[in-house]
Each structure stands twice: as structure tokens, then as C-alpha cells.
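Just so you know, the sequences run in chain order A and B.
Numbering of the first sequence is given in my numbering, commencing with residue 1 and proceeding in unit increments.
Numbering of the second sequence is given in my numbering, commencing with residue 1001 and proceeding in unit increments.
None of these hints come from the bench; they were simulated from the model.
These numbers come from a predicted model, not from an experiment.
All C-beta atoms, glycine included, are put in the ideal place defined by N, C-alpha and C.
Among these hints, one or two may not hold up.
[Unchecked claim] Short, incomplete list of chain B residues facing chain A, as computed with Cβ under 8 angstroms:
1) SER1075
2) THR1077
3) ILE1088
4) HIS1114
5) VAL1115
6) CYS1116
7) PRO1279
8) ARG1434
[As the list claims (entries may be wrong)] Over the 10 angstroms line for every Cβ pair with chain B, so calculated as not near, a few chain A residues:
9) ILE6
10) GLU9
11) SER57
12) TYR69
13) GLY93
14) HIS110
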Amino acid sequence: MSITLISKEGAQFLVSKPVADRIGVVRDCAYGADFWLGYAVATDDSMGITLANVTSSILSKILVWCEHYKDMEPLVDGDSNMEFPEWDMAYIGHDMNQILFVLEAADYLHIPGLLLLACKGIADVLDGRNPRGICDLLGIVMDFSHRQEVDMDKENGYWRWFLHPT
Amino acid sequence: MEQHSHMTLHAAKLQATVDAAKTLVDTLGDIPVRTIIRSRGPKSLNAVLHDVYELEDTVQRLLRKVDELRNRLFSPTARLPDEILQEIFLYCRDAIVQTRTSTPDRFNPEVLTHVCRRWRMIALDTGVLWAQSTLAATSSLQESRLNPRHMLLPVERFSYIRNGQRRLALLDRSKEVPLSLYLKFPSGSNTQPLTDELSRIVRRERQIDRLNIRASIDCDDATSASLALAQHTVRWLKITRRRKHSNPAELVRGINGSDILSKEWPRLRHLVLDGISLPRDPASPYLLLSDLRTLDLSLAGLAVDIVCLIPVLSLCNPTLERLTIRFGYASQRLVSLDYIIYPRLRRLELSGGQGNIIQLLERIRAPSLTALYIGNLLGESQRLAVINSVGSALISLLQASGCAVRLLSLTEVSGAIWRAFAGTSAAITVHSIRYGSWGTGLQADDDAIELENGLLQFPNLEELCENRQHTVQSLRNLLSCVKVRKRLHGNGVMMKPIRRLAMRAPFEETARGLKTEADIQMQLGQLVDEMVVGDLQWHRATNQWLSYQGGGDWLYKRPEDQDI
Chain A
1 MSITLISKEG AQFLVSKPVA DRIGVVRDCA YGADFWLGYA VATDDSMGIT
51 LANVTSSILS KILVWCEHYK DMEPLVDGDS NMEFPEWDMA YIGHDMNQIL
101 FVLEAADYLH IPGLLLLACK GIADVLDGRN PRGICDLLGI VMDFSHRQEV
151 DMDKENGYWR WFLHPT
Chain B
1001 MEQHSHMTLH AAKLQATVDA AKTLVDTLGD IPVRTIIRSR GPKSLNAVLH
1051 DVYELEDTVQ RLLRKVDELR NRLFSPTARL PDEILQEIFL YCRDAIVQTR
1101 TSTPDRFNPE VLTHVCRRWR MIALDTGVLW AQSTLAATSS LQESRLNPRH
1151 MLLPVERFSY IRNGQRRLAL LDRSKEVPLS LYLKFPSGSN TQPLTDELSR
1201 IVRRERQIDR LNIRASIDCD DATSASLALA QHTVRWLKIT RRRKHSNPAE
1251 LVRGINGSDI LSKEWPRLRH LVLDGISLPR DPASPYLLLS DLRTLDLSLA
1301 GLAVDIVCLI PVLSLCNPTL ERLTIRFGYA SQRLVSLDYI IYPRLRRLEL
1351 SGGQGNIIQL LERIRAPSLT ALYIGNLLGE SQRLAVINSV GSALISLLQA
1401 SGCAVRLLSL TEVSGAIWRA FAGTSAAITV HSIRYGSWGT GLQADDDAIE
1451 LENGLLQFPN LEELCENRQH TVQSLRNLLS CVKVRKRLHG NGVMMKPIRR
1501 LAMRAPFEET ARGLKTEADI QMQLGQLVDE MVVGDLQWHR ATNQWLSYQG
1551 GGDWLYKRPE DQDI
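Based on the provided sequences and hints, a complete structural model is requested.
Here it is in C-alpha cells:
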């Protein structure tokens, strides 16, 4: 049995049942298992399931992960001490933008294993960066008030030099 | 309903932005490109030019602001729900980062509170991030500055730490999450403030989940007091006891195994004892450790033999999954003892006294064992009879247990043990081998498994880790071995090719020798999937050596740093 997935741009991806089973939303749509969650139940597989929030490039990347894990269980219990296999780390890579899009899609599609892997990927990219570096990387604006900055300086005592290197 | 109105408002503002942006694009498109003014014109033109320059600067400034706002608005992190951001923070917490001091350290969660208001709020609300603390009876300026979890009484003037603000901040932020504490009692220090502090923490009904005590033997009272405070909640316990002088007899006095194991530890799952003697006749009977998964005993400098050890090993045999013992001396006394069956033991690591190891191997049965590490046998290692005893005890353990060992590490041992092992049926299940001796008195020819033929006895071998000072000749032998196995595999023989190789950094002194070694290593790198030499990893796709960051699906892993 195969299922057709349709990306945001309308591109179609034909996937086998074990691959589709990794994607919570698709599983629920295809088999109506979670009717009470309010997902539309697909009555005709040939119609395909539209994933309106996922672009083709991200969907194809996600399907690589689902294909890899079609016959085995990924890490899903959220124990941050557990080591991800090397394949996982090579898959997620270090491209922050792409990891963030994968993370968003994994959240939307209900893929807990991939969601945790993306969180780990982001944490690895943040590793060793100071706050300014994190802001630059993620396009975040440091929006502290002057008073907050003064308070934070006090509480940080003697390792301010690491947080805000000159 | 609230979410709906929020999204409607958002959509309306976005629509207004789209309209304004369209007008902006149209207006910008209508502006003609001005020519360069090279010479001074009339006064009236200069005034207009002045206005033009100012307007151009203002437009540039506004466009930069638009850029900044666009980044903020469309940054995917802004759209992430708080709970996902928390999950990311938890992975950050466990990361090991390189600091400026080049000493790896755990991630400093304070970094997350300095990014933006939202990150700060979420980080401060994530108790687990703040549950690790170091309490030291005395410490240096450097230590307090480098360790953001350090929170008690450094000797230098540190107002923030000395006044306890950091302590209060850490305890408040960690909310009700069980604490992970690292206590340091250096020799000659005043331990009272530290134990008082610990009592205060426990009185605030805070649970201590992990406790790592590093103490000098003159601080045994403080160690005992700390253990008593954490006894009912601790799940992970490490005690490292150090003597002041080189006299080994010092370690025997004071706290011993009886003081620890005759108490009840209802939640203990991980126990590491270093420098704690185990008495032959304990003052009180030992109590069962009914949930212990990991036991690690370092007995260097202590006269602990198998008779002292067996009662301890019997406390936890139904649940134990990892057992590590580093014996301090070689006992030759033979005793008659019953077998101990460890149904869940997966990893066994033994080093030190040969006599103790032989007797222990003969008395252990571990049907689930998959990783066996034997190394650094102290004693009369060159006597063939003793070597054969170690070899036969090893084989007896594996065959009588009926286990399938996938990882076999025999380092700092004579090649005769390898030879005894290689011919047996137990060799069939081995997937990873670590071999070689580093700086012991063994002869180079006799320190390890024979690379060319010996390895053919291990048909499923895929991973090879070399622990010795290799030579050009040993590398050539290794290359030949890898090639032979690959060829046999290609010809349909049931012999797996070597996929992963690890070895120490080159030690050759001459440039020519180094070049030859590098050439052979490159050839090896092309033949295997992963190759690590020292701190470098061969990257086959780009034909270059890159820094090895760890990880991978290696069966052999270096013992992890269990310190907090």
C-alpha cells in the first residue's frame, strides 16, 4: 500500500506505508485512528494528503529520515543523555536554517523522534557561542531594557567576560 | 478564541505591511538614479544636494531597520513554542564545550538568559538547567570564575559568590528539581560551612539526586556527614578519596566500605568508589543494593582481595549491568568461593592484580555480557603459567556463561592470552577488538594479537582499535590484514571486512618515517569506512584529516567523564 503526500507547492511524493507510519499526521489521516483529534480521514488513498505547511525540499528531507527509520525505532524518550546514532547527526547537519525548518515541520507533522533530533542539532550549533553570537545566528534582537541589563550584570559576577566578550 | 483574534490581528497587520511595502517599492522605483556631481555648482544646487545626501542616509538607515525587523519577524525561532525551546535548552545543558582555557566544560546555561527577554524567561523557568552545583570548602579565584556553578566560599574576595547570591540564584532557579552536587573537601580545609550549607539545602526539602564527593582523607567526617544527608534520595554517587602523603596505609584508616554499604541506599543506581577500602570483616553486615545498575571500584593502593570483594559483589548481582574493578595488587592466594550469576551484566571491566582477576573470572557467570575489558595486569605477567591461567579463566567465563561478547579489549596483556582466545568458539561473536600495550615492560613482538593471521580467527570482526606505539612494520601488517579480509569478503568467504580503525597518533621521529606512516594510514583510510588517528579523523570524501569530534557508531567508547 502506498500513500501520496502533497507538499505546499503541490509536488507529489509517493511513499510506502511503513514510511508514512512514521509521520503522525499522515498516519492519523490515512487510517482515521485519531478521529477525535479532528483530522480529516482520507477515504481514498489516491487523492493524497496535503501537507500545507511543508515545502517540497523539507518534505523530501523528512522522508529520507522516515525511510531510514521505517524498520527501527528512533530515540523518542527525550533523555538528553542518550547519544544519537552517527547517521542521525550526519542527517541533521549544521545548517541552522534547515534544521529550524525541519524542526517546525516535525512539530507540525507529529514526528517526535525527528523533533528531538532537530532540537539536538540546534543545541549543537549553539554550542560554545556567546549570546551575541546566538542572536546573530538566529536573527534575534536583544530586547533587554537598560535596567534589566544592569541587573543581569550584577547577577553574573565574574564571568561576564564570557557572556559579552569585548 | 483568544488565539483566533490574535491571528486575525496579525493577518491584518501583515496586510497593512504588504500594502506599505508595495507603495515603498513603487516609490523607490520611481526615483531616478542621480548623476555624480564632480564640481561645485551654484549655491542653490548645493543646498538641494545637502538635502539629497541627508535623505539618502535616512533611506539607508530605514532600510537597515526594515532588514532587522524582517529578521525578527520571520526568524523561525520566534515561531517555536516555548516547550520546544525548553527541549533545545535541555540538550544545550548536557553539551561539553571547549572554553578559552582549553579545558572542556559543561555548557553554561547563563548564556541562554542573555539572548533576549523571551529566552531569558524560558531558561529561568527551566529548573533542570540550574540543578547542577559545585560546593567547595575552599577554592581559587580561577576556579570560581571558570565554573558558573561554583557557589561557596572561595578564599579570594568574591562578593557575589561569598555573599551567597549565586547560591540563592541557582537554588531558586532550579525550583523543585532534584539537585546534582559536586562537593570538594581539599586537605586542611574548614569543612563546616560546606556541611552546614548542605544541611540547609536538605532542610529546604530539596532532594539530592547525584552526589559527587572529592575529599582528602582528613575530611572523612565531612564526607560521612554529607553521605548521611543524601542517603535516602541519591541515585548516582561517586566518592573519590585521596591521601595526603604517599603512604598507602593512610587510605585504610577512616571511612571504609563498611561505613557506606551497611547503610540503606533505597534509590541508588550508580556507585563509584575510589580509594575506599573494603574490610575483610565488616563491622556491620552489608545491606542489599536492590536497584544498582553500575558499580565501579578503584582499589589502587588498597590491599583488597577477592575475599573482601565477593560480599560487595553479591549485594547487587540481580540488577547490575556494568561492573568495573581496578585492583590494587596481585593476590596469589586461592580461595574456594561460589559462583555469582549476573543475569543483566553487559559490560565487565577488570584491571590490576592478576591473581584477583583470575579468581573473579572463574567465579562470575554473565549470560548477557557483550563487552569485556581486561587490561594492565599487575603481577608476574611474564610467567607463562600465570598468563595461561588468565587466558583459560577468560575462556571459561565466556563459554560457561554462554554469552556473545561483541567487544573484546585486552590491553597491556601478553600476546599469549590473545593466542589462547583466538582459537575458541567465543571468538566468533567478536565484532570489535582493542589491543596493544603502551609503555609496559612487554616485548613489542609479544604484546598483542598477531595482526596478519591472528585476526582471521575472528570472522565477524569489523572494528579494530590499536593501543600501542605503532611502527612502520606494524602499520604494514595492519594494511595487509585489512586488504586480506576485504579480499576474502569479496571472494565470498564468511569473513567481514574491517570497517572502523582507530590508533594512537604517530610516534615516528624521522621525517621519512612519518611520511611512510602517513602514506600507509592514507591507504588504510581508503579501505575502511572510518579511521581515527589520535585526534584526527580521515575524511574520505575530501581526502583530508579533520578534527575528530567523537560520536559515531563505534562499539568501543572511551570511558565517559562521570564528574558533574
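Worksheet item: Under the criterion of a CB-CB separation shorter than 8 angstroms, is ARG1434/B in contact with chain A as hinted?
Response: 19 angstroms, violated
Worksheet item: Does the interface hint hold: is THR1077/B within less than 8 angstroms of chain A, judged Cβ to Cβ?
Response: With a closest approach of 5 angstroms, the THR1077/B hint holds.
Worksheet item: For GLU9/A, is the shortest beta carbon distance to chain B beyond 10 angstroms?
Response: 19 angstroms, holds
Item to complete: Determine whether the non-interface label on TYR69/A survives the test: each CB of chain B must be over 10 angstroms from its CB.
Response: 15 angstroms, holds
Worksheet entry | Cβ separation check - ILE6/A to all of chain B, threshold 10 angstroms | 22 angstroms, holds
Worksheet item: Does the interface hint hold: is VAL1115/B within less than 8 angstroms of chain A, judged Cβ to Cβ?
Response: 5 angstroms, holds
Fill in: Beyond 10 angstroms from every chain B Cβ - status for SER57/A
15 angstroms, holds
Practice prompt. Using Cβ atoms only, decide whether CYS1116/B comes closer than 8 angstroms to chain A, and label the hint accordingly.
Written response: 5 angstroms, holds
Item to complete: Using 8 angstroms as the Cβ threshold, decide whether ILE1088/B counts as touching chain A.
Response: It holds, given that the least Cβ distance between ILE1088/B and chain A is near 5 angstroms, below 8 angstroms.
Practice prompt. Find the nearest Cβ of chain B to the Cβ of HIS110/A and say whether that gap is larger than 10 angstroms.
Written response: 13 angstroms, holds
Item to complete: Against chain A, run the beta carbon of PRO1279/B and see if the smallest gap drops under 8 angstroms.
Response: 35 angstroms, violated
Practice prompt. Confirm or reject the statement that GLY93/A sits farther than 10 angstroms, beta carbon to beta carbon, from all of chain B.
Written response: 13 angstroms, holds
Checked against the numbered hints given earlier, this structure breaks hints 7 and 8; the rest are met.
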